[in-house]
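Chemist: Listed below are the residues making up each chain.
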Amino acid sequence: MSKIVIDHLARVEGHGGITVEVEGDTVGQVHFDVFEGARLLEPLVRGKRFDEVAPVLSRICAICSVAHTLTSLKATENAFAVRVSPQTELLRELLFRGESIESHALHLFLLAVPDYLNYPSAIALSADKPAVVLLGLRLKKLGNLIQETIGGRAIHPVNAVPGGFGKAPVIEQLIELRSALMQGVTDSDAAMDLMTTLPPADFCHCDTVYAALRSPSLDSYYAGDEVMAVSDGSRAIVHANDYKTLTNERAMPHSHAKHSAFREKPFMVGSLARLTVNPRRLTGKLAVAKKRLKLQLPADNPMDNNKAQALELINDVERALEIIEQLLRAGVKDEPPVPVQPRAATGTAITEAPRGLLIHSYTYDAEGRITAADVITPTALNAASMEMHFRKAVEQSAERDDAALSRKLQMIARAYDPCVSCSVHLLRRQ
Amino acid sequence: MKPLLVIGLGNPLMGDEGIGWHVAERLSADPRLPAGAEVACGGTDLLRHAARMEQRRRVIVVDALRDDAEPGSVWAWEERGASGAGEPSEPGGAGASACQPVLSPFAGLDNRQENAHCLSAVQAIQLLRMTVAVPITLLGISIPIASMQAGLSPELAARMPAILDRVLRELE
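Chains as they are written, first to last, in this note's numbering: chain U, 38 to 467; chain C, 2 to 173.
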């Protein structure tokens, strides 16, 4: 029996990345171990006041700090029945778009494209194809600019507070963002051109359940309280308050993260799930781009998540432009945050982080202090689905060479764009 | 804009892994900080600070280094043009002369695509070279292990004054 071990995806001691056992044509154990930092942060917020929670939990991930901050605020506001203003809703959606542009650009250009073109890293790719890497860096910078302008700083947004915004952007800042986004339209079109030239990655096919925030009339990563799960033509709706009926988490001996399954089946969250659940987003330019990418929905290939991210990149830039035009037309009001009156209650929020559904659920006491917190990240939600796709990829591969299989498994892992242990950042010696 | 920029990387909720962040916080309140230096707590994604680096005379990145050296040891990787040179030195500076220069800007550091969705400081600096023409010094601070806890271990916290002295020397 051979064992394929890909341990350098994990960054924390004792958490081993991907392990697959193969004997002839038979695939044995398939394990994916995620260091799930969010779980360990939950005790740190117990006893915290409602206005102290989001700044702590935003540190779960530097790439998704906007999603964690805004999902945290939404959960707190749901607990205290706070309804934020339409301007706050728009500014929060704009923040989400900035984070998504940055995250997708980073993932597609610096992590996925080198895989497709057979380069070991973005640095190696930059030596031969600097224009590709520069395009990705430009788009990433655009996403950063949106987050810094609206959120108040480069990481961990300080302007977003319970009930609204501490400081709204001024008109001049929005005009500057609009100008940068105009260039972003050209760059996201160029990104699509690049994606259509990549070689196919057809090494894993299977029926997949997809789950995403449902937004029938809105194109939103933030608004909405229902999740739709789509499987082989059937659809099911789960309200945010009933999220445990979606996740059905269970502890796994081999993984730090719990596994989730809806009606006994693993499910996939992220860009591909969002477009599957909300196909009405794919009109006009996006419909043409989908055709160019030869993307069929619902897809049976997890690698198509990369195509879905490219489509979202175009949509995120356009949606951010629309929001800015809307804010400029209406004028940005200097409105104070809606006052928060704490009470003993539970509040749950579900949003779409760049890599999929993000759930925060808190229980507060009458003084507005946390007594229980539950944070479920998209990577944890995806863990069981990833294992399923790893198994299928090995079963469907005619190659039994460890290096070839290892490359396919890593490409699938990266297509999920997982946050394996992003709360950690270390230098290591060779 | 101040000519010097210090960026402390790390997550303060991950124990000693957040040493770069803690150094930045302490440094920004240190009266010895030169007037020409700006300090930023940088989180875990150095690429996010690309725009902030532009137009500086020099950037110093402080990050945790997972190795077997004495906790709190500070190692410097100084970029010197295309050939570069590694210049490891300990907080007291005693180690500087003990090591020979090497021929890679970050010799001895792991350059693999380690994380599935984020780049290490070593990789990020190499990519930043495409858009930012500012000399970057990387300071690695030895830590024994990264684990989820608020604040530094007592062992590393005790070394903080010496670490700050070493970082401030870099700004002279």
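Do not take every clue at face value.
Going by beta-carbon spacing under 8 Å, a handful of chain C positions derived as facing chain U [what the hints assert, rightly or not]:
| hint | residue |
| --- | --- |
| 1 | L48 |
| 2 | A52 |
| 3 | R53 |
| 4 | Q56 |
| 5 | Q124 |
| 6 | A151 |
| 7 | G152 |
Over the 10 Å line for every Cβ pair with chain C, so calculated as not near, a few chain U residues [unchecked claim]:
| hint | residue |
| --- | --- |
| 8 | T63 |
| 9 | R83 |
| 10 | V93 |
| 11 | K204 |
Cβ-Cβ distance ranges computed for the label pairs, FRET-style [stated by the list, open to error]:
| hint | chain 1 | residue 1 | chain 2 | residue 2 | range |
| --- | --- | --- | --- | --- | --- |
| 12 | C | G37 | U | K204 | 20 to 30 Å |
| 13 | C | P136 | U | K302 | 45 to 55 Å |
| 14 | U | I208 | C | E71 | 27 to 37 Å |
| 15 | U | L171 | C | G37 | 40 to 50 Å |
Since the hints were derived computationally from the structure, they do not count as laboratory data.
By construction, the Cβ of each residue, glycine as well, lies at the ideal position given by its N, Cα and C atoms.
Chemist: Would you mind marking each hint as holding or not holding in the structure?
Modeler: Evaluation of the provided hints:
Interface restraint check: C:L48 against chain U, minimum CB-CB distance 6 Å, threshold 8 Å, status holds. At its closest, the beta carbon of C:A52 sits 6 Å from a beta carbon of chain U; the interface hint therefore holds under the 8 Å criterion. Hint status for C:R53: holds, given a least beta-carbon distance of 7 Å to chain U, under 8 Å. Hint on C:Q56 is violated. Least Cβ distance to chain U is approximately 15 Å, over the 8 Å limit.
Satisfaction of the interface hint for C:Q124 is found here, the shortest Cβ-Cβ separation to chain U being roughly 6 Å, below the 8 Å cut-off. At about 6 Å, the closest approach between the beta carbon of C:A151 and any beta carbon in chain U falls short of 8 Å, and the interface hint on this residue holds. Checking C:G152 against chain U: minimum C-beta separation of about 11 Å lies over 8 Å; hint violated. Its beta-carbon lying about 27 Å from the closest one in chain C, U:T63 satisfies the requirement of being farther than 10 Å from that chain.
At the 10 Å boundary, the C-beta of U:R83 stays outside the reach of chain C, the nearest C-beta of that chain being 13 Å off. In this structure U:V93 is not separated from chain C by more than 10 Å, as the shortest Cβ-Cβ distance comes to only about 7 Å. Distance to chain C confirms U:K204 as a non-interface residue, since its nearest Cβ pair spans about 19 Å, more than 10 Å. For the pair C:G37 and U:K204, the supplied restraint of 20 to 30 Å holds, since their beta-carbon distance comes to about 28 Å.
One distance hint, 45 to 55 Å for the beta-carbon pair C:P136 and U:K302, holds here, with the actual separation near 54 Å. Distance hint check for U:I208 and C:E71: the Cβ-Cβ separation is about 54 Å, which falls outside the suggested range of 27 to 37 Å. Between U:L171 and C:G37 the CB atoms are about 30 Å apart, so this pair departs from the stated range of 40 to 50 Å.
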